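Taken in order, these protein sequences are the chains called A and B. Taken in order, the first sequence gives residues 1 to 202; the numbers are from our numbering. Taken in order, the second sequence gives residues 203 to 285; the numbers are from our numbering.
In short, the hints are calculated from the structure, not lab data. Keep in mind that a hint or two might mislead.
Below, simulated DSS-like cross-link-like pairs (lysine-lysine); rule was C-alpha separation at most 27 angstroms, straight line [said to hold, decoys possible]:
1. B:K248 to B:K212
2. B:K211 to A:K122
3. B:K248 to A:K15
4. B:K212 to A:K160
5. B:K273 to A:K15
6. A:K13 to B:K211
7. B:K212 to A:K7
8. B:K273 to A:K160
9. A:K13 to B:K273
Keep in mind the model is a prediction, meaning the values are calculated, not measured.
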Amino acid sequence: MFVYEKKLQFPVKIKNPNPKYAQIIASQYGGPDGELGASLRYLSQRYAMPYDELKGLLTDIGVEELGHLEMVGTIMYQLTRNLSEEEIKKAGFDAYFVDHTTGVYPSSAAGVPFTAAYLQSKGDVITDLTENLAAEQKARTTYDNILRLVDDPDVREHIKFLREREIVHFQRFGEGLRLATDKLDEKNFYAFNPSFDKNCIK
Amino acid sequence: MNNREAMLKKLSAHQFTLWEMHLYLDTHPWDLHMVEAHNKAAMKYKLLRDEFEERFCPLTASKASGVEWLKGPWPWEIEECDC
């Protein structure tokens, strides 16, 4: 089960609202490489993990991603507070506003709603961990792109933190993949699928 | 930054240190040196969390209900107040 802790992983306090930034950063809430997809990906894949280290790793990183989802939602919320209609129009936030007002909704920066098609749960430990390595790098690139577009230091501080987490998770998933292959047939990692062919695991 | 925010930041920093060690231990469970460092940091974090909850507000639903649990600011809010 999950127990809520009434705090953010890294407290957020953004002084200056900026709806344009909110629209860009929305992609890390519900976009193709965002935190919602990340958390669902790892928390769904973990059932197929054949080794305890990997069950723990996917559970822990999946839970941390939910914490990141909360941080990104908070950034969007704080960037869109106390807006006038004029500011909304000027920033080009009107397209988002007409459908969601200033509510936090999972979609990409271009307005495409979140879909589970952004993630895969393949039931194969090598395949899933390899997807996760790519997912962390795709999220890291997205945060790099956000950093190219956002000047406000209050916002950048948190985007930089989230970007760094992608790199740490990439490292841990790499170690997880190594750990898995070390336990498999060294001449042919693909001889069987340890997530499915349970009788092949010693 | 008021007292609550300052202490929350400190608490989050300690929790983050602890979490980094926790994730490392998922893929290096045999590293007893890190296990020891983790347990030390966990004790320090627990003391700090107890102090925060005593001074400001409970952090989990099992520790408070009703008015005490509902009182803001919630994590996404930035109103200046000593909750």
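>> Could you work out which of the previously given hints the structure breaks and list their numbers from low to high?
In response: Result: hints 2, 3, 8 break, sorted rising.
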